[in-house]
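So you can see what is in the structure, the chains are spelled out below.
Number of protein chains: 2
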Amino acid sequence: MAKLLVMYHNPPDPAAFDKYYNRTHVVVAKKLPGVRSYTISKGPIASPGGTSPYHLIAELTFDSMGAIQAALGSLEGQAAVADLANFASAGVTISMYEMRDA
Amino acid sequence: MAKLLVMYHNPPDPAAFDKYYNRTHVVVAKKLPGVRSYTISKGPIASPGGTSPYHLIAELTFDSMGAIQAALGSLEGQAAVADLANFASAGVTISMYEMRDA
Numbered sequence: 001m002a003k004l005l006v007m008y009h010n011p012p013d014p015a016a017f018d019k020y021y022n023r024t025h026v027v028v029a030k031k032l033p034g035v036r037s038y039t040i041s042k043g044p045i046a047s048p049g050g051t052s053p054y055h056l057i058a059e060l061t062f063d064s065m066g067a068i069q070a071a072l073g074s075l076e077g078q079a080a081v082a083d084l085a086n087f088a089s090a091g092v093t094i095s096m097y098e099m100r101d102a
Numbered sequence: 103m104a105k106l107l108v109m110y111h112n113p114p115d116p117a118a119f120d121k122y123y124n125r126t127h128v129v130v131a132k133k134l135p136g137v138r139s140y141t142i143s144k145g146p147i148a149s150p151g152g153t154s155p156y157h158l159i160a161e162l163t164f165d166s167m168g169a170i171q172a173a174l175g176s177l178e179g180q181a182a183v184a185d186l187a188n189f190a191s192a193g194v195t196i197s198m199y200e201m202r203d204a
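If you're matching them up, the sequences are chains A and B in order.
So the first sequence is numbered by the numbering used here: it starts at 1 and just counts up by one.
So the second sequence is numbered by the numbering used here: it starts at 103 and just counts up by one.
I should point out that these hints are in silico values taken from the structure, not numbers from a laboratory.
Being a predicted model, the structure only gives us computed values, none of them experimental.
Virtual Cβ for every residue (Gly too), placed ideally from N, Cα, C.
Heads up, a few of these hints could be off.
Some chain B residues flagged as far from chain A (calculated, every beta-carbon gap over 12 Å) [as the list claims (entries may be wrong)]: (1) 104; (2) 135; (3) 141; (4) 144; (5) 161; (6) 192; (7) 200; (8) 203.
When the alpha-carbon atoms are kept at most 30 Å apart in a straight line, the in silico DSS-like pairs for lysine-lysine are as follows [stated by the list, open to error]: (9) 133(B) with 42(A); (10) 19(A) with 30(A); (11) 30(A) with 144(B); (12) 132(B) with 42(A); (13) 30(A) with 42(A); (14) 144(B) with 133(B); (15) 42(A) with 144(B); (16) 144(B) with 121(B); (17) 31(A) with 42(A); (18) 42(A) with 19(A); (19) 144(B) with 31(A); (20) 31(A) with 19(A); (21) 144(B) with 132(B); (22) 132(B) with 121(B).
Take the sequences, apply the hints, and build the full model.
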């Protein structure tokens with residue numbers, strides 16, 4: 001299994017971010033081919049230091065790294081990436097990796 | 103369900119990091135009370151820009167944020183946190199959050 005981990009930096013207007021994310025971006029992202037699961041953080045993100053640089057963390061799982069690359073290269077993937085410009089101007093950190101049990 | 107997401111920054115000696123993580127830290131971290139699953143990234147972490155700031159990403163799930171706090175506050179949790187100084191000198195970003203389906 002492989003993961004697409006998307007960490008959204010703290011936006012200037014969290015309420016506007018949440019509204020756009022939940023009403024629009026989720027709908028766009030769910031169209032990615034090959035998604036096996038799609039979970040997001042609920043409520044505030046805590047860090048040991050007290051403040052987190054991230055407002056929302058999304059996790060999408062796929063069968064493999066190849067499936068992630070195929071998804072991002074598809075028309076649906078290009079639309080999802082392009083949609084980031086509509087709400088994630090504060091920045092986004094994206095990581096993709098194979099997973100295994102520790 | 104709640105997640106403890108631990109992102110290890112690129113270490114100066116990746117081979118030494120991997121050896122210590124897999125032989126020692128995993129053993130220590132598995133003793134945390136209340137852990138429901140523990141997965142780690144396998145192989146390199148990719149980012150759209152090409153270079154990832156992270157060498158390894160670990161994901162531990164618990165029943166709730168309270169369970170994470172209890173785990174970190176336990177003797178086993180204190181030992182796991184203290185063990186970071188033995189191999190994660192390049193830095194570590196920790197996030198804790200409740201999860202929900204998107």
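Need the list of violated hint numbers for this structure, in ascending order. Result: hints 1, 3, 4, 5, 7 and 8 break, sorted rising.
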